[in-house]
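Trainee: Chains as they are written, first to last, in the numbering used here: chain S, 41 to 153; chain H, 1098 to 1211.
Calculated directly from the structure, the hints in this document are not laboratory data.
Because the structure is a prediction, the values reported are computed rather than measured.
It is possible that some hints are incorrect.
As a list, the in silico EDC-like pairs of lysine to aspartate or glutamate whose alpha-carbon atoms are at most 20 Å apart [to be verified]:
hint, chain 1, residue 1, chain 2, residue 2
1, S, Lys-77, S, Asp-89
2, H, Lys-1138, S, Glu-79
3, H, Lys-1138, S, Glu-119
4, S, Lys-77, S, Glu-123
5, S, Lys-77, H, Glu-1199
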Amino acid sequence: GENVEQHPSTLSVQEGDSAVIKCTYSDSASNYFPWYKQELGKRPQLIIDIRSNVGEKKDQRIAVTLNKTAKHFSLHITETQPEDSAVYFCAASSGGGADGLTFGKGTHLIIQP
Amino acid sequence: GAVVSQHPSWVICKSGTSVKIECRSLDFQATTMFWYRQFPKQSLMLMATSNEGSKATYEQGVEKDKFLINHASLTLSTLTVTSAHPEDSSFYICSASEGFGELFFGEGSRLTVL
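Build out the structure end to end from the sequences listed, making use of the hints.
Mentor: Pasting the structure below:
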């Protein structure tokens, strides 16, 4: 089955700096890669996703890059703000959508004021 | 976006009792819903995939007799933790998809078994 590795487990950055979270996946058939943000005690929420036919996608301060050859994808957050503090999960699936998502272990992002 | 509602948000029960958690898609029909378990500071672990009108598909290592899943309609799936024990204490989250890829999560249910 799919195996998703996520690094780092904890990331602390100064407010205003950029943050990068990286994930690798094992199943070359995976074609859908969403990122979720989970604030303490709340439900995960989709912040951005990318499909295998695209190499990069951007939404304001958030961007995701995908390297299919190397089987890794990354989340980039620029100009970080205190409200970006949360746990971020990457995920991968081969069904083109929500079915069969395998999650990474999560990254606790801490924005230092 | 679509809304998934989960109830109860927290429950405390005695060891040996059963607890039912409901997951509803409020404004869309979900032929498939997913149930996850999340330990503190850990990732979401898929427990089972719930399909409307058929038996749930359980992940390896998840006891189907322990965690009963019923998906009786296109908007409701239930997870029943039977004969709960303290080691079943956890955060349980459901999710559903409209079928276009995006997954919507319920608020989660924190179960504490005394």
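Trainee: So, against the hints stated earlier in the document, which numbers end up violated here?
Mentor: 3
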